[in-house]
Amino acid sequence: MSLSAFFAQNAPAEIVEEVVVSERFKEKGKPIPWKLRSMTEGENEAIRKSAQRKVKDKGVVTTETNTDEYLAKLAVASVVYPDLKDAELQKSYGVVGADQLIKRMLLPGEYATLIQKVQEINGFDKDINELSEEAKN
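If you're matching positions, the sequence shown starts at 106 in this note's numbering and goes up one per residue.
These are calculated hints, taken from the structure and not from any lab test.
What you are looking at is a predicted structure, and each value in this text was computed from that prediction instead of being measured.
Be aware that a few hints might be false.
[Stated by the list, open to error] When the alpha-carbon atoms are kept at most 30 angstroms apart in a straight line, the in silico DSS-like pairs for lysine-lysine are as follows:
no., residue 1, residue 2
1, LYS163, LYS131
2, LYS131, LYS161
3, LYS208, LYS133
4, LYS196, LYS178
5, LYS159, LYS196
6, LYS140, LYS154
7, LYS190, LYS159
8, LYS161, LYS222
9, LYS222, LYS163
10, LYS178, LYS208
11, LYS190, LYS140
[Stated by the list, open to error] So the derived label-pair ranges between C-beta atoms look like this:
no., residue 1, residue 2, range
12, ASP230, ALA116, 27 to 33 angstroms
13, LYS161, ALA192, 18 to 24 angstroms
14, PRO136, ASP162, 43 to 49 angstroms
15, GLY199, ASP230, 32 to 38 angstroms
16, GLU148, PHE111, 33 to 39 angstroms
Note that beta-carbon positions come from the ideal geometry of N, C-alpha and C, so glycine has one too.
Please model the complete structure; the sequences and the hints are all you need to start from.
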């Protein structure tokens with residue numbers, strides 16, 4: 106085992122995958138794949154914090170994460186193509202904002218597929234038991 110395998114230059118900085126999120130968006134009769142990218146934990150932390158609110162209950166202040174908002178923002182940050190921040194694309198759906206756009210342009214099942222793929226590309230696809238088994242092997 107070599108520590109050099111962990112050096113930045115030896116690990117891919119970003120993973121980009123193409124995924125067909127919807128069969129409805131076609132070009133020349135074929136579904137157009139979306140491009141999704143992975144992100145760093147720093148980016149993830151900033152997204153998570155932006156979806157958090159302070160909640161006061163009986164004098165105790167805690168932080169609560171709005172999971173739906175977090176996942177929508179995570180998806181927006183991961184989608185490289187189509188450009189969800191494109192003003193013309195947003196205008197065509199009558200919305201302002203990338204997070205509103207994906208909710209308007211996708212059907213519920215398509216949105217669920219997008220969220221699932223975004224979680225997978227960012228390493229959230231394995232539960233703790235699977236990771237524990239991999240670590241043992």
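Structure-based check of each hint:
At most 30 angstroms may separate the alpha-carbon atoms for a hinted pair to count; LYS163 and LYS131 exceed this at roughly 53 angstroms. Restraint check: the Cα-Cα separation between LYS131 and LYS161 comes to about 48 angstroms, which exceeds 30 angstroms; the hinted pair is violated. Note on LYS208 and LYS133: the hinted pairing holds, with a Cα-Cα distance of about 25 angstroms set against a maximum of 30 angstroms. For the suggested pair LYS196 and LYS178, the alpha carbons sit about 19 angstroms apart, so the restraint of at most 30 angstroms is met.
With a CA separation close to 33 angstroms, the supplied pair LYS159 and LYS196 exceeds the 30 angstroms bound. Among the hinted pairs, LYS140 with LYS154 is consistent with the structure: their alpha-carbon atoms are about 25 angstroms apart, no more than 30 angstroms. A C-alpha spacing of about 28 angstroms is found between LYS190 and LYS159, which places the hinted pair at or below 30 angstroms, so the restraint holds. For the hint linking LYS161 to LYS222, the alpha-carbon distance of about 34 angstroms lies beyond 30 angstroms, and the restraint is violated.
The suggested pairing of LYS222 with LYS163 is violated, with an alpha-carbon distance near 39 angstroms, which exceeds 30 angstroms. Proximity of LYS178 to LYS208 is assessed by CA-CA distance (about 11 angstroms); at most 30 angstroms being required, the pair is judged to hold. Between LYS190 and LYS140, the direct Cα distance comes to roughly 14 angstroms. Compliance with the 30 angstroms bound is thereby established for this hinted pair. Distance hint check: the CB atoms of ASP230 and ALA116 are about 19 angstroms apart, inconsistent with the given range 27 to 33 angstroms.
The given range of 18 to 24 angstroms is broken by LYS161 and ALA192, whose C-beta atoms sit roughly 38 angstroms from each other. For PRO136 and ASP162, the Cβ-Cβ distance of about 47 angstroms falls inside the hinted range of 43 to 49 angstroms, so the restraint holds. A hinted range of 32 to 38 angstroms holds for the C-beta pair GLY199 and ASP230, which are about 33 angstroms apart. In this structure the supplied range 33 to 39 angstroms is violated for GLU148 paired with PHE111, their Cβ-Cβ distance being about 20 angstroms.
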